Amino acid sequence: MRSTAILGTLLLSFNLLAQKAPIKFGKISDEELNMTAYEKDPSASAVVLMDYGTSVISYDQTNGFKIEFERIRRIKILNKEGYSWANFEIPLFHRGSDKEKLNGLKAVTVNMEGNKPVETKLGKDGIFEDETSENWTTIKLTLPNVREGSIIDIEYSVMSPFIFNFQDWEFQTTIPTKWSEYIARIPEYYDYQKYSQGYLPFKINEQKSERRTIMLSSKERTGGGGFGSGASQTNYSTQNIEYNENVYRWVAEDVPAFDEEPYMTTYRDYISKMNFELAQIRFPNRPVELVMGTWTNINKELLEAAEFGGVVKRSNFLNKFVEEILAGKTSDIEKVDAICKYVKANVLWDGNYRKYTDGNFKRVLDDKKGNSAEINLMLVSMLQKANLRADPVVISTRNHGFVRQQFPLSSQFNYVIGAVEIDGKLLLIDGTDRGLSSFMLPERCLNGAGFLVSETNSRWVELAPAVRTKTLVEALVSIEEEGQLKGHIEIVKEGYDGQQMRKEYHAKGEESYIKSLVERNQWVVHKQQFENLKNLDEPVKEIYDLTLNENLQADVIYLSPMIANGITENPFKAEKREYPVDFGKGFEQVSMIKIKIPKGYVVEEMPASMAIALPDKGGRFLYNISTANGEIALTSLFTINKGIFTQLEYPHLKEFYARAISKQGEQIVLKKSTE
Amino acid sequence: MKLTKKLVLLSLSLIVADVLGQSSYNVQSIPDELRRNANVVVREKVDQYSIKSSSNATLHSREVITILNPNGRKHATKAVFYDKLTKVVQLKAMVYDANGKQIKKLKTSDFEDYSAISGFSLYEDNRIKIADLSTTHYPYTIEFEYELDYKFLFYIPTFNPIWDEHMSAQSAQYSLLWTGDTKPRYKLLNLEEVTVTANEESGKISWSFTDVKPFEREKHGPSKNELLPAVSAAPSYFQYDGYAGNMDTWENFGKWISRLNKDRDELSVETKQKVIELTKDLNSVEEKCRVLYSFLQNKTRYVSIQLGIGGFQPFEARVVDEVGYGDCKALSNYMVALLKVAGVKSNYTLIRAGGDARPIDAKFPSTQFNHVIVSVPNGADTLWLECTSQSNPFKYLGTFTGNRYALAITDQGGKIVRTPDVDGENVMKRMLEVMVDEKGKGIIKGHVSYLGQQYEKDNLNFVSNSNVGEQKKWIEQSINLPSFRIENYTFENHNPKAAKVEISYSLSADRIASTSGKRLFLAPNLFNKLAIHFSSPENRVSDVIIEDSIVEFDSIEFHLPENIYPEFIPANKSINNQFGAYEVNYTFDEGRMFYVRKFILNKGRYSVDTYAELCAFNKEVSKTDNISIAFLNKT
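Chains as they are written, first to last, in this note's numbering: chain A, 44 to 718; chain B, 5 to 639.
There's no promise every hint is true.
[Stated by the list, open to error] Computed from the model, here is a short list of chain A residues facing chain B with C-beta under 8 Å:
(1) Y126
(2) Q323
(3) K384
(4) A388
[Stated by the list, open to error] Taking lysine-lysine pairs in the DSS-like style, the calculated list, with each CA pair at most 30 Å apart, reads:
(5) B/K278 / A/K164
(6) B/K187 / A/K637
(7) B/K533 / A/K70
Rather than coming from a laboratory, the hints here were simulated on the basis of the structure.
Remember, it's a predicted structure, so these values are computed and weren't measured experimentally.
Even for Gly, the Cβ is constructed at its ideal location relative to N, Cα and C.
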C-alpha cells in the first residue's frame, strides 16, 4: 500500500518586486517637511505626495492562491481644513469563515519642530474596529499630533482569499495627488478585465510578463503493506511549477483635486481610476472557468441564475394572479398597465437597489415588500405569463455610475427593470415608484443604456424617458381699475415635472402646497382646482384664479410679462467646467401668456422677439411677443433636448441660460393714451 | 329548548369576543377628529419605566400605531438603540391590516442590527436594532413592543404621547415605578391642549393621556419641543458605570461631573513649561486666554470618539497632549488644564449646542446637554471658549452655543450660567460701484463686510477658512446676475481677532440692466432682494419667532450712460415698526444714481395678533426691493 500526502511548504515564491516603492515609511525629505503650499494648486488644503500600491496574487500550499495588497501613502497637511485627511478607513470583507486580514498596519505623523523632524506613531488608542454590516468590518484610524505642515505616512497590507475582489485603484481624490502608482502582478491563471476611467492621462502605462516558479514539496510514504516487511519508508520529493506572471504598472502624476460640480451623476464616474473584474480562471489541465467573459455569457448566466432568470421562469403560482388581473383586458397596453398597477399596489419598494432577488415571489407578495429586483422581475414574470414579450433589463442607476459597454462585467449593474415589446415598440417599465405611471421609469434609472437579458435577443437598450418632461403655463391676465393684475392661470405638468408636483402636493397637503406657491410667486389665490392628481397617465393640471402682487396705477405702467414659469437664476455660474453636465433628461418650459391692455392705455414699448438655439439641436429658446385685439400675447419656450452636455459645450449652455433669463426679465411699458 | 338557547348565547358571545378581539386594531374605531390632519394615530401606548435600584432600571414599552397614509410611512420604521450598558431584553412587532387582521410578525432576530455611529463620529459603541414595518395598503397598524434593561440609572427617556406633527393619540399611558428612596423627580410639559389624568400610589405614579389632537408646525413658529406634550423625569440618586451621584440640584449634578473629571488635568512637564513661557509676561486674564486658545487651536483637532462612562468622561489632558486630538469633553478639559497652569481659573461648561437646539430647562436638574465648552470668569465679565474649532475667532460662540443657558462646573459644583448673544453686531455692509453702459453691460466693484452672525451666512464662517476655490464659489453664489465674470477678488478673514469677513471683488457683467426699445430698465437693488417669508395672514395659529436679528446696509453708486434720465423716480421709503426698520433712498446727480438701503429685522417672539402686520411689512419690503427704474434717452 502506498499513501501520499503533500506537505505544504512554500520554498520559493517570488523574487522581490522589481519595482520598489518609491518611498520608505517614515523617511521624509526636508523638502516635504518644509513645504508650505502646493505649487500646482495653491488652494489645496492637503496633498497626497505619494500613493503607492501593489496587488500580488501569490500561492501557498495551505491556502492556495490569494491576493496580497500592499499600500503606502504619504500626505502633506497644508492647513487646518486638511485635518480630515488624518483619519483613514480600511474596509475588510468577510464571508463565512473566510476573511480579509489586515497586516502590518503602521502610521506616523511627522512634524517639524524647530529644525528637527519629530515623529508621533499611531498607537492602539487611535485604532477602532467597527462591525459596519454583515460582511464588512471597517478599521478606522486617526493620527496623533496633526498640525498644519504635518506629514502623514500610512502603510499596511491586506491578505485576501477572495480572488474576485481584486483591489481597484483610485488615482484621484478630492485633494491633489502628486504621484499615484499601482502595480498588479497576476499569474497567467487569472484573467482580469481591467479598465481605466476618468479624464486624465497616465504618465506610465506598461505591462510585461515574468517567469515565476512555485516549488511544491511532497512527502510520500510507502511500505507497511506486506507480511513482516518492516517499517514504512518515507520519501521526500519536490516539484517545480512554472508559470507566467503578468505585471502591470500605472502611474499618474500631478493629478488635480476632484471638485464636485452641479448636475453630475456620481463622483465615482468622473475620477481617474483603474477597475478590475475577474474574467476567467485557466489552470493547466483543467477546463477554463469563465467568471466573466462576454455579454453573451452574462446573458446566459443571468438567465440561469436562480435569483434572476430562474425565478422569472418558474413562479407558476403567479399564473392565477395574472389571470385575475387580466380579466376583461384586451389590448396589450391595457394588460401591461394592469399588471404594473397590480404590482405597485401590492408590493412596496424597500428602497434597496438590487439586480438579484433575495427571496421567492411568494415571500415578496406575502411580505408586500421587495427590492428593485424582486419587484421588477416579478413584473417581467407576470408579463411573460400573460404571453407578452417581456424581458428583464439590467441597468446601473445614476448614483451607481455609467455603464461601459466595452467591458462585459455584471458588477457594472446594480438594478433591474423590465422591458415589454408591443407592436414592435419596446416599453421600459419599473414597479418601484407608485407616483409614476406604468410607462415611466424613475429618474434614477435614466443613465445611458441597459442590457436586455433574453434567450433569443439580448441587446443594449437606451434608457431614455418615454414621455416628455414639460411644464406648460397658459395665462390670461388683465389690469383692473384699481391697478391690480388679476388672472386665470392653468399649469400643465407632464413627465417628471408632473411627478414632482404630485409628490410635493401629496407630501404637503393642498393647503400647504398653495401656501408655498403663493410665497414663491407672491400671488393671492382666490380659487384653485386640480386635475389628474391621482390619474398618473394624464398630465397633472393646476388651475388658479388669482391676483398677482402688482400695483399698476400710473400714467406709465411697467410690467414684467413672464408672470410664471420663467427661469430666475442661472444654475451655471462657474466660468469653466471640468466634467460633463448631466441633466439625465431633456425638458421643456412653455409659457403662453395673454395680457389685456387696460382701457385708455397703449403699448409704448415691448421687448423684442427672439430665437436662439444650442448647437446640434441641444436646446432652443424662443420668445415671441405681439399685440392684437387689445391683447399682448407672449409665448416663451425654453427647451433642453438632451440629457448630457460635454464640458466643451458648457460655455454655450451657460450663455444660453443667461440670454433666456435676461430676455424673460424684460418689461413692457404701457402708457396712458393722451386722447 | 333551554339548552339550545344557551348554546346560541354561547356562540353569540364567542362571535362578539372574536369581533372585539380584532376591532381593537380596526381603523374604523378611530374618531374623525383624531384622523383629521393626521398621518399617524397612536391607538395605544403604554410605557413603564421602573427604577430597580440606584444603578438599574428597565423600560417596557408597547405601542400600537395606525399609519393612515404614505406621509406617515417613516413612522413604520421601528428601532431600539443599545450599548454595553443597555440590553435589549425583549423585542417584537406585529403588523395588522385595516380590519385589524395580523399580516406580519417579527421577533428579535428579524430586526437588523447595525452599528449606530452618527455621521460626525469616528467611534461610538452604540448599536441599533431596526425594522421597516411598512406595507402596501393604507391604513395599517403596527404593534411594537420592547424592553430595555439599563445597567445604570442616569437619564430617563422623556415620554411623549405623540412625537411628531400630524400625529394624534387615542390613549397613551406612562408610569414611573421606583423602590425605596429612589423616587424620581418629574415634570409635565406642554399640556395646554391635552387631557391628562395622574394617579399616584406607593412606589408608582402614572399619567393617562386621551384624545391628543394633531398639530402642525408653522413656518417660524414654535418648535416641536414647545408643542409636544411630554413627561420629563430624572433620578435623584443615581449611578452610572460605577460613579454615584445626585442630581437633585445643579450643584450636585456638577459635583458628579467634577468627580468624572477628577485628576484628568495632568500635563507633561514640557507642556507646563511651554504654557508658563507663553503666559509669563501677560498680565490680563483675557490675554492669557487668547494666547492659550491659539495654542490649543494650533495643537489640537476635533475627533469625535464617544467612549468612557457612557460618553461622559473626557480622556485625560495628558492624552490630548500626546495625540493632539479629542472630542469636546477632552479638548475642553485640556483647555481648563492649560489655563490652570497659567494661573487662570476656568470652568468646564456643559451646554446644549445647535442653531435650533431646544433650550435647556434650567429649573429641572437633569442631563440635558450634548456639548462642552469652557467659560472663564473675568471680573464681572466671562470669556467663552469653543474648544472643538480650529478656526473660530477667539471668544466666538455664534449660533451654535450663543444665547442660552449652560452649566458651569465650578469647585462648588454646577452653576447655571448664560452664554452671550452676539446681537447688535450682526451687520452686513455692502458698497458697490456700478458702471453701466447703454446696452446694460458694465462693471461692478464691490466691498462687502459680514460681522457677527452674518459671519455664518451661507456657511461663510467655514468658507472663510477654506480654500480660495471655495471662496470664489461662495462669491459666485452670492451674486444673482444672469451672466458675469469675476475679474478679481480678495477675501479677508479677520479671524481670530473678530468674527468678520471682508470681501472685495470686481466683476464684469453683460446684463446689469435690460434694454427695451428706447428704455433702459435697471433694478437698483442688485443683490439683496428680500424674499416673501410671511404671507397669507389668514389661518395663522401660532406666534412668529425670529431667532436671529438681521442688519443690512447696501449702498450703491451707479454711473449711468450719458444722456439718460429716469422716466419716473420711485418714492423713497421709510418704515419703522416693532419688527424692524426699512429705508430706501434714491438720489440722482449728473449721470449718477445713488441707492441706499437699510433693513433691520429684530429678533423676538411676535404674537399671532401682529401677524397680518408682519406680512404687510414683508410684502412692502419685498415689493420695494424689486422695483426697477426705467431710463430714457434725452436725445
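Below or equal to 30 Å on CA atoms is what counts here, so check B/K533 against A/K70. Given that 30 Å is the threshold and the Cα spacing comes to 57 Å, the pair is violated.
Please verify that hint: A/A388, Cβ, nearest Cβ of chain B, below 8 Å or not. 6 Å, holds
Tell me if the interface restraint on A/Q323 is satisfied: Cβ within less than 8 Å of some Cβ in chain B. Violated, because the Cβ-Cβ distance from A/Q323 to chain B comes to roughly 36 Å (cut-off 8 Å).
Going straight from one Cα to the other, do B/K278 and A/K164 come out at no more than 30 Å? Status holds; Cα separation ~22 Å.
Does the closest beta carbon of chain B sit nearer than 8 Å to the beta carbon of A/Y126? The hint holds - A/Y126 has a Cβ within 8 Å of chain B, the shortest such distance being about 5 Å.
With chain B as the partner, please determine if A/K384 meets the hint condition of a C-beta pair closer than 8 Å. 12 Å, violated
Between the alpha carbons of B/K187 and A/K637, is the straight-line distance 30 Å or under? 74 Å, violated
The structure fails to meet hints 2, 3, 6, 7 from the earlier list, while all remaining hints are met.
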